[in-house]
Structure formats: C-alpha cells, structure tokens
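Student: Sequence:
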Amino acid sequence: MKPKLIKKELIKLASSFGIGEIVYLGIRWSLMFYFLEIEIEPFAASLVSEAIATTFYLAVVSTVLKVTKAY
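Mapping of the sequence shown onto the working numbering: position 59 corresponds to residue 315, and the numbering continues sequentially without gaps.
Nothing false has been slipped in among the hints.
Mimicking DSSO-like on lysine-lysine, the simulated pairs with C-alpha atoms at most 30 Å apart in a straight line are: (1) Lys325 with Lys263; (2) Lys322 with Lys263; (3) Lys325 with Lys258; (4) Lys322 with Lys260; (5) Lys268 with Lys325; (6) Lys322 with Lys268; (7) Lys260 with Lys325; (8) Lys322 with Lys258; (9) Lys322 with Lys264; (10) Lys325 with Lys264; (11) Lys258 with Lys268.
Honestly, the hints are just simulated from the structure, not real lab data. Source: prediction; values computed, not measured.
Construct the complete structure from the given sequences, taking the supplied hints into account.
Tutor: Here it is in structure tokens:
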C-alpha cells in the first residue's frame with residue numbers, strides 16, 4: 257500500500273474511534289447521574305450505564321466506519 261493511503265485510513269480509524277469515545281462518555285456519565293438521582297444502587301447504575309453506553313459506542317463506531325468507507 258502507498259504511505260498516503262495508509263495515513264488516510266489511519267486518520268479515518270482514529271476519528272471514528274474518537275467520535276465513538278465522545279458519545280460513550282456523554283451517554284455513560286449522563287445515564288449514571290440519572291440512575292443515581294432516581295436512587296438506583298450505585299453498582300447497578302454503573303453496570304447498566306456501562307452496558308448501554310458500550311452498545312451505543314459500538315453502533316456509532318460501526319456507522320462512522322461505514323460512512324467513511326474505511327472497510
């Protein structure tokens with residue numbers, strides 16, 4: 257492969273994971289705060305917010321990679 261093409265693909269990957277990470281953090285902490293506010297046990301709130309945020313993270317990264325045609 258050409259070095260320019262490799263660099264372009266790496267930028268696509270990094271930006272996709274970066275966008276996914278921003279979405280993950282936003283969803284996880286807002287859900288965690290919400291669950292704690294409605295008085296769910298801290299461990300359960302953390303576990304549920306982690307599961308939901310991870311699902312959204314995977315969906316966002318997959319979608320962004322498809323849109324940018326990285327694969």
